[in-house]
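J.: Chain residues, written in single-letter form:
2 protein chains.
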Amino acid sequence: MASTPVEQEPAARRGRPGYDQQSVLTIAVDVFNRHGYEATSMGVLAEQLGISKSAIYHHVPSKGDLLRLALDHALGGLEAVLTESGATEGKADARLEHVVRGTIAVLTERLPFVTLLLRLRGNTTVEREALERRRSFDRQVSALVDAARTEGSIRSDLDPRTITRLLFGTINSVVEWYKPGGPLTAEKLADDVVTMVFDGLHRR
Amino acid sequence: MASTPVEQEPAARRGRPGYDQQSVLTIAVDVFNRHGYEATSMGVLAEQLGISKSAIYHHVPSKGDLLRLALDHALGGLEAVLTESGATEGKADARLEHVVRGTIAVLTERLPFVTLLLRLRGNTTVEREALERRRSFDRQVSALVDAARTEGSIRSDLDPRTITRLLFGTINSVVEWYKPGGPLTAEKLADDVVTMVFDGLHRR
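Protein chains in written order, with the numbering used here: chain A, 1 to 204; chain B, 1 to 204.
Do not take every clue at face value.
Note that the list lumps identical chains together, so a pair holds whenever it fits in one copy or between two copies.
Here are the computed lysine to any residue pairs in the SDA-like style, where the Cα-Cα straight-line distance is at most 25 Å [as the list claims (entries may be wrong)]:
| hint | residue 1 | residue 2 |
| --- | --- | --- |
| 1 | Lys179 | Pro160 |
| 2 | Lys188 | Ser156 |
| 3 | Lys179 | Arg139 |
| 4 | Lys188 | Ser52 |
| 5 | Lys188 | Thr164 |
| 6 | Lys53 | Leu184 |
| 7 | Lys179 | Asp159 |
| 8 | Lys91 | Leu120 |
Honestly, the hints are just simulated from the structure, not real lab data.
When you get a sec, could you build the whole thing from the sequences and use the hints?
T.: As structure tokens, this is what we get:
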């Protein structure tokens with residue numbers, strides 16, 4: 001599942017045989033993550049792809065468009081979780097758990113894309129727009145935490161803003177070490193995160 | 001407590017009045033965190049300090065030495081936690097909790113220094129040595145998790161390596177948002193982290 005296609009763009013099969021927009025994007029994201037978006041020129045990208053700069057422009061108009069497409073793939077996945085019935089119907093507590101599981105699924109399936117999103121500094125319009133979408137996602141999860149607290153299913157002795165931040169800290173840290181295809185499946189990881197966060201490490 | 005002095009170096013009061021090695025270091029760490037260590041030249045540092053490059057060399061021999069001193073301040077704090085009696089005596093469970101609280105205390109007191117440590121990529125010998133010390137710290141915490149699992153105080157249904165990683169993910173994420181001197185004290189933060197991690201968010 002690591003190579004989930006970018007759904008929001010029809011596969012544009014122009015340019016060299018063997019590359020389409022999707023594969024250019026996947027390699028670009030990898031290069032951005034290794035060297036930083038700003039430090040990566042279209043020349044460096046062309047080198048990594050083994051094609052000319054003009055061949056890249058067959059696939060995408062600019063480096064900014066590559067970034068926009070990549071971030072949209074990460075954000076689109078996260079935003080879709082919030083619209084699923086598991087996130088919109090039932091007790092806030094169960095909806096919050098659904099969102100935690102769904103977020104872990106997106107992180108593990110679209111790992112390099114989410115990594116790029118989490119490392120953004122917001123220096124360009126594309127980055128600032130992506131950060132605003134990310135903040136909006138965070139606010140919706142924060143509202144779920146508040147609702148679960150109000151309905152009495154989660155503790156009231158913890159600061160709710162701290163809970164949301166620690167929750168994201170726990171989930172997002174997964175991009176730093178998770179290896180797709182390794183012995184730890186995304187499902188077992190989601191189970192472990194949910195158990196630790198909602199029930200705690202202590203044996204009862 | 002945000003400006004805890006670097007204990008391992010005697011305060012060298014050479015160079016311009018108004019600056020000592022400690023204040024040069026504090027500003028350097030701030031600049032490294034904002035612009036990246038590699039992207040920061042001694043010229044840029046001098047500009048930020050409002051002194052000449054040669055005046056910086058009165059305080060430290062090189063940029064690498066600034067980095068080494070800064071990382072040693074972060075790592076020295078973390079390593080000291082592991083030698084406290086709370087971390088070495090008693091049940092593994094209580095020792096682990098002590099280490100979590102102590103780590104949060106070091107993170108919040110030495111925030112910019114730990115931030116620098118957590119963002120390291122390991123491109124120089126100084127960075128690689130710091131990363132090796134960090135890994136050694138992580139391994140010791142991991143051993144405590146194993147011991148708490150063996151003594152039966154923490155759950156056995158979670159993967160122990162996942163627990164250690166999520167634990168560090170939760171704790172380390174604090175550097176991204178914690179504001180020293182704000183309404184959330186370091187003590188309340190440590191309480192909330194300990195409660196969430198060990199007892200979970202669910203009300204019982």
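J.: Which numbered conditions among the earlier hints are violated in the structure presented, ordered from lowest to highest?
T.: The structure breaks hints 4, 6 and 8; every other hint is satisfied.
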